[in-house]
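**Student:** If you're matching them up, the sequences are chains A and B in order.
Positions 0 to 562 (numbering that gives the first Met the number 0) are the ones given, in order, by the first sequence.
Positions 0 to 562 (numbering that gives the first Met the number 0) are the ones given, in order, by the second sequence.
Please note that a few of the clues may not be correct.
Repeated chains share a single entry, so a pair holds when one copy, or any two copies, can fit it.
Cross-link-like lysine-lysine pairs, in silico, DSS-like; alpha carbons within 30 Å at most [claimed, not checked]:
| # | residue 1 | residue 2 |
| --- | --- | --- |
| 1 | K461 | K302 |
| 2 | K381 | K150 |
| 3 | K159 | K209 |
| 4 | K155 | K235 |
| 5 | K517 | K2 |
| 6 | K509 | K78 |
| 7 | K517 | K78 |
| 8 | K2 | K509 |
| 9 | K302 | K159 |
| 10 | K391 | K328 |
| 11 | K508 | K78 |
| 12 | K94 | K78 |
Rather than coming from a laboratory, the hints here were simulated on the basis of the structure.
Note that the structure is predicted; figures quoted are calculated from it, not measured.
2 protein chains.
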Amino acid sequence: MGKRIIVVGGSAAGPKAAAKARRLDENAEITIIQKDAELSMASCGYPYYVGGVFDDRNMLLCTPTGVVRNPTFYMNAKKIEALVCTEVTAIDRQKKSVQCRNLESGTTSEVPYDKLILATGSIPNMPRIPGASLEGITTLQSMSDADYLRKIKDEKKITKAVVIGGGLIGVETCEALQLAGIDITVVELLPQLLTFLDWELAKLIENHIKSKNVNVITENGIVAFLGDGKKLSGIKLANGAEIPCELAVVAIGVRPNSLIAKEAGLKIGERGGVCVNEYLQTSDTDIYAVGDCIEVKNLITGKMIHAPFGDLANLQGRAAGENAISGNKAQFSGTIQTGICKIFDYAAGTTGLTEKAALQAGFDILTVVNTSLDKPGFMQGKLLITKLVVEKGSGKILGAQCIGAGDVGRQVAQWAMAIMAGFSVHDVINADLPYAPPFSLALDHFIATAHIMQNKMLGRLKGISAREVKERIDKGEKITFLDIRDHSEYEAMRLGIGEKLIPLGALRKKLGELPQEKDAPIVTFCKISLRGYEAALVLEANGWRNVRVMEGGIMAWPFGREK
Amino acid sequence: MGKRIIVVGGSAAGPKAAAKARRLDENAEITIIQKDAELSMASCGYPYYVGGVFDDRNMLLCTPTGVVRNPTFYMNAKKIEALVCTEVTAIDRQKKSVQCRNLESGTTSEVPYDKLILATGSIPNMPRIPGASLEGITTLQSMSDADYLRKIKDEKKITKAVVIGGGLIGVETCEALQLAGIDITVVELLPQLLTFLDWELAKLIENHIKSKNVNVITENGIVAFLGDGKKLSGIKLANGAEIPCELAVVAIGVRPNSLIAKEAGLKIGERGGVCVNEYLQTSDTDIYAVGDCIEVKNLITGKMIHAPFGDLANLQGRAAGENAISGNKAQFSGTIQTGICKIFDYAAGTTGLTEKAALQAGFDILTVVNTSLDKPGFMQGKLLITKLVVEKGSGKILGAQCIGAGDVGRQVAQWAMAIMAGFSVHDVINADLPYAPPFSLALDHFIATAHIMQNKMLGRLKGISAREVKERIDKGEKITFLDIRDHSEYEAMRLGIGEKLIPLGALRKKLGELPQEKDAPIVTFCKISLRGYEAALVLEANGWRNVRVMEGGIMAWPFGREK
Chain A
0 MGKRIIVVGG
10 SAAGPKAAAK
20 ARRLDENAEI
30 TIIQKDAELS
40 MASCGYPYYV
50 GGVFDDRNML
60 LCTPTGVVRN
70 PTFYMNAKKI
80 EALVCTEVTA
90 IDRQKKSVQC
100 RNLESGTTSE
110 VPYDKLILAT
120 GSIPNMPRIP
130 GASLEGITTL
140 QSMSDADYLR
150 KIKDEKKITK
160 AVVIGGGLIG
170 VETCEALQLA
180 GIDITVVELL
190 PQLLTFLDWE
200 LAKLIENHIK
210 SKNVNVITEN
220 GIVAFLGDGK
230 KLSGIKLANG
240 AEIPCELAVV
250 AIGVRPNSLI
260 AKEAGLKIGE
270 RGGVCVNEYL
280 QTSDTDIYAV
290 GDCIEVKNLI
300 TGKMIHAPFG
310 DLANLQGRAA
320 GENAISGNKA
330 QFSGTIQTGI
340 CKIFDYAAGT
350 TGLTEKAALQ
360 AGFDILTVVN
370 TSLDKPGFMQ
380 GKLLITKLVV
390 EKGSGKILGA
400 QCIGAGDVGR
410 QVAQWAMAIM
420 AGFSVHDVIN
430 ADLPYAPPFS
440 LALDHFIATA
450 HIMQNKMLGR
460 LKGISAREVK
470 ERIDKGEKIT
480 FLDIRDHSEY
490 EAMRLGIGEK
500 LIPLGALRKK
510 LGELPQEKDA
520 PIVTFCKISL
530 RGYEAALVLE
540 ANGWRNVRVM
550 EGGIMAWPFG
560 REK
Chain B
0 MGKRIIVVGG
10 SAAGPKAAAK
20 ARRLDENAEI
30 TIIQKDAELS
40 MASCGYPYYV
50 GGVFDDRNML
60 LCTPTGVVRN
70 PTFYMNAKKI
80 EALVCTEVTA
90 IDRQKKSVQC
100 RNLESGTTSE
110 VPYDKLILAT
120 GSIPNMPRIP
130 GASLEGITTL
140 QSMSDADYLR
150 KIKDEKKITK
160 AVVIGGGLIG
170 VETCEALQLA
180 GIDITVVELL
190 PQLLTFLDWE
200 LAKLIENHIK
210 SKNVNVITEN
220 GIVAFLGDGK
230 KLSGIKLANG
240 AEIPCELAVV
250 AIGVRPNSLI
260 AKEAGLKIGE
270 RGGVCVNEYL
280 QTSDTDIYAV
290 GDCIEVKNLI
300 TGKMIHAPFG
310 DLANLQGRAA
320 GENAISGNKA
330 QFSGTIQTGI
340 CKIFDYAAGT
350 TGLTEKAALQ
360 AGFDILTVVN
370 TSLDKPGFMQ
380 GKLLITKLVV
390 EKGSGKILGA
400 QCIGAGDVGR
410 QVAQWAMAIM
420 AGFSVHDVIN
430 ADLPYAPPFS
440 LALDHFIATA
450 HIMQNKMLGR
460 LKGISAREVK
470 ERIDKGEKIT
480 FLDIRDHSEY
490 EAMRLGIGEK
500 LIPLGALRKK
510 LGELPQEKDA
520 PIVTFCKISL
530 RGYEAALVLE
540 ANGWRNVRVM
550 EGGIMAWPFG
560 REK
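If we strip away everything but chain A, and leave its shape as in the complex, we get (with noise of 0.2 Å):
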């Protein structure tokens, strides 16, 4: 008789380690028993199925080929048995057996193993206030729950609606919506979405939400539902505010869902999730556990995370598969946390530590932002802005941001490999990478951000963000502002902070114009800092001792313009 492998949960990680342990053994007998109807869901791709990018439900299910992976497809493809329809109640170590209930039929089981494998994800937190069982409320976290926001958007019976949380599931559910043509507002506790961004890009990312008509609310709670009966009809929110709405999509997170793992003894985390080794072995040493049940290692700050994202819960699921079969041979160390999310136009992608992120696990840092175009202008280039952070002293590569319209795909994979190779920035300052103007400049913008910080480590650069700049024109500081654009690109955006206009071409010349205090504080800026940058060189160059560059220009400026 081959090893009996059991597989909870039928999703992402518990389908790749079951396809993975079949691959290592062709004789092994295993088992996937999954909750859910369907099998293999493609999750990720709810919000796109719900906007309309696509409108074949299958596609959420189906292989490459077009075979929808259901029972049969597992049983006759790879000889693997998914139970669908079907939950595990409890876990018995000692007999190394499973208790499982048929949800259509009731009938209870129990199916013995050798080695079990634990994929059972996530639960969506929900807030616990009034009205929380009105009609209209839901997540996008099951297919249930994509179908049930599909026929919203198909019937076009709803007008308005809000998305509760302002996280990646949250923005991406909100573009779907307002695809679907819903009047949207995202409610969002924290003073920003986002978290993996700082706050200066997250701020970017909500005016660009903004530009698509979507109302954002953030440093705002609700604090219940309303209802018109059993109908939801809004929402009421900590400052008394109510709006009104039919429909709620709650995203305020998601948390392992351990609680079987819990109840039969296994170890768990302080952030819930199970606890497992690198092997991604629980506990108990015939327990794997992979996916979003589970804690997992940030590989900077060596803390344990709640890290719930598709492409780990593949890796996660293919080792623990491996493992599974052959014995503990295939690693999973951890995760950098690199993220990515398109919104609207734009794209927010992040990888290793935010500013924020890196001050609180102590580390002493230096940030810089680089605006940039990604492919030339003649090849219709669109802008990228990236927030590098780096160690003080060493220049070692924590983390870095990236949004926007360009390519951000290739900009966030770039630093993530940078990452992991342990790289400073100096080992990336001649970094040979793919050049043609198709697909991107000359220097393309991870190598100008890597010359940019460099340029800041050596003390060549002296930057101030865009943040600090408001807060001392907030407090009333005396500053002497330098645009160092053309006049006609003054005439058509402008920041309005009292700033002189001075272009780079005639700035030599106008010297005299310019405070001659030479401590007097100076701040240059143009659309990118680029000619600011050059502007702040020349000052200093003719005694300026106070001179420094906004950092990222006018296109990173998260605050509102005069123009």
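Fit chain B to the known structure of chain A by using the hints.
**Tutor:** Showing chain B alone in chain A's frame:
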């Protein structure tokens, strides 16, 4: 008086060096001496201007905000004197001066330097054959070449053209002229286009080019340009064939323009380029050289090569500009020869060594081909084909090539970073890359490629290349070919190499239809050979000992198909 910096050459590396020198020293006297009328041309953009991707010639010459980088711009914005239409005819290393000749007035002058930076670029190779002075023969190397070809596009008088040389510039030019509505034939002396790819990937690109109604001739050289009076009327090939054409674009590579360096007694390398150390310093400590006129080290083989790429030119210019001002501080240690180009709907990229180059360099290697989508099917994912080359045993990544309609740029960038990091395949098995459906598969193509290579290294995947399959067919070997796809897929497309169709879902029940001699050679495959791999594992588990998977599947088959 400030330090006198002379930069010879005003295309890419030269202006970058001059600008960097200026940023480091406001008081230096910096002069660019440029033979052409234009400065800082985006020469990699010429094919896109010729092809009509954009129409404003100034876009090749201007800053991101639309200011043409002419001598006035350089003087006003950067305080750099730019002498255009001026040729440097000699270097006097004793006197530390250069001899100049104004190409318009004919006047000569002598300009002294403290540090000299040579950025004299490259010279296109021309075939030494009869008829080379006929009208209608050009290269695509200069702004005036671009103007000439763009005029041809706009006038629409020419109907037939040949491109001599199927390298990077050749295929880009081919696309540009085809977009202009001209009948194109590409003639290449070697057995393949794009020698930065191995033969089978280049052949797939050739198939794609041919699908655009471009005629491609390989393994055939041009022996004469044929004339009708003064004008080109055709070309004659080594095999005697004549191809009528009114235009011939020669793109058979470039060589370093190092004559003045050689005449000045500077050390010249075996490839004809100026020799420089890691600080870009020539054999004369007061003279630096950068860009297409130098030789650089291939960081994998350690060999000196000519690598005329725009991105490297910029990186070298930046380092030399710094070193000319500050003494030798900034290094440029070499290249891993990363490159990419667009070819109609495909891109083709490379980094590190091809299989051919790795074998020539004496490496003991393993290769693998992976075919998969760049994104999920429901996000309109497109195909990528990657060939990975690693060192046998260690799995150290030596090179990767990627082609296809998908996001090749990101793939090649990731491999380039991995090579720079000195990574083995094992180091990228769990790469934490940015995943969301609009950007990649849950397991990015890059990671899947590493997984396949790991499977091969562990002996789980026994692969065979399409090329070897074809060779064995041609030798008349008796092999059972097993196509593992579904019937409908087989009806729509098939190789026609005598294959037997057994869909994966039916395989375990139809083992009796296979040769019962367990040593009989069997080759399995499917569209991309993922199912082909699973089938091979099933056969091996059932006792067959001579089963191999055709890597990359049908989509990577470079030969003709039955259907």
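**Student:** Work down the list of hints and note, for each, if the structure agrees.
**Tutor:** Do the hints match the structure? See the list:
1. In this assembly of identical chains, the alpha carbons of K461 and K302 never lie at most 30 Å apart, being 33 Å within a copy and 40 Å across copies at closest.
2. When the C-alpha separation of K381 and K150 is checked against a cutoff of 30 Å, the pair qualifies only between copies, where the shortest distance is 29 Å, while the shortest distance within a copy is 35 Å.
3. Taking the shortest alpha-carbon separations for K159 and K209, only the intra-copy value of 16 Å comes in at or below 30 Å, while the best inter-copy value is 52 Å.
4. Within a single copy, K155 and K235 get their C-alpha atoms as close as 24 Å, which meets the 30 Å cut-off; across copies the closest is 67 Å, which misses it.
5. Taking the closest pair of Cα atoms, K517 and K2 come within 30 Å of each other only across two copies (25 Å); inside a single copy the shortest separation is 79 Å, beyond that limit.
6. In this assembly of identical chains, the alpha carbons of K509 and K78 lie at most 30 Å apart only when taken from different copies (14 Å versus 79 Å within one copy).
7. Taking the closest pair of Cα atoms, K517 and K78 come within 30 Å of each other only across two copies (22 Å); inside a single copy the shortest separation is 79 Å, beyond that limit.
8. In this assembly of identical chains, K2 and K509 lie within 30 Å of each other by CA distance solely across copies; the values are 24 Å between and 82 Å within a copy.
9. For the identical chains of this complex, K302 and K159 are neighbours neither inside a copy (41 Å) nor across copies (66 Å), given an alpha-carbon limit of 30 Å.
10. For the identical chains of this complex, K391 and K328 are inter-copy neighbours only, at 20 Å across copies versus 37 Å inside a copy, given an alpha-carbon limit of 30 Å.
11. When the C-alpha separation of K508 and K78 is checked against a cutoff of 30 Å, the pair qualifies only between copies, where the shortest distance is 11 Å, while the shortest distance within a copy is 80 Å.
12. Within a single copy, K94 and K78 get their C-alpha atoms as close as 25 Å, which meets the 30 Å cut-off; across copies the closest is 83 Å, which misses it.
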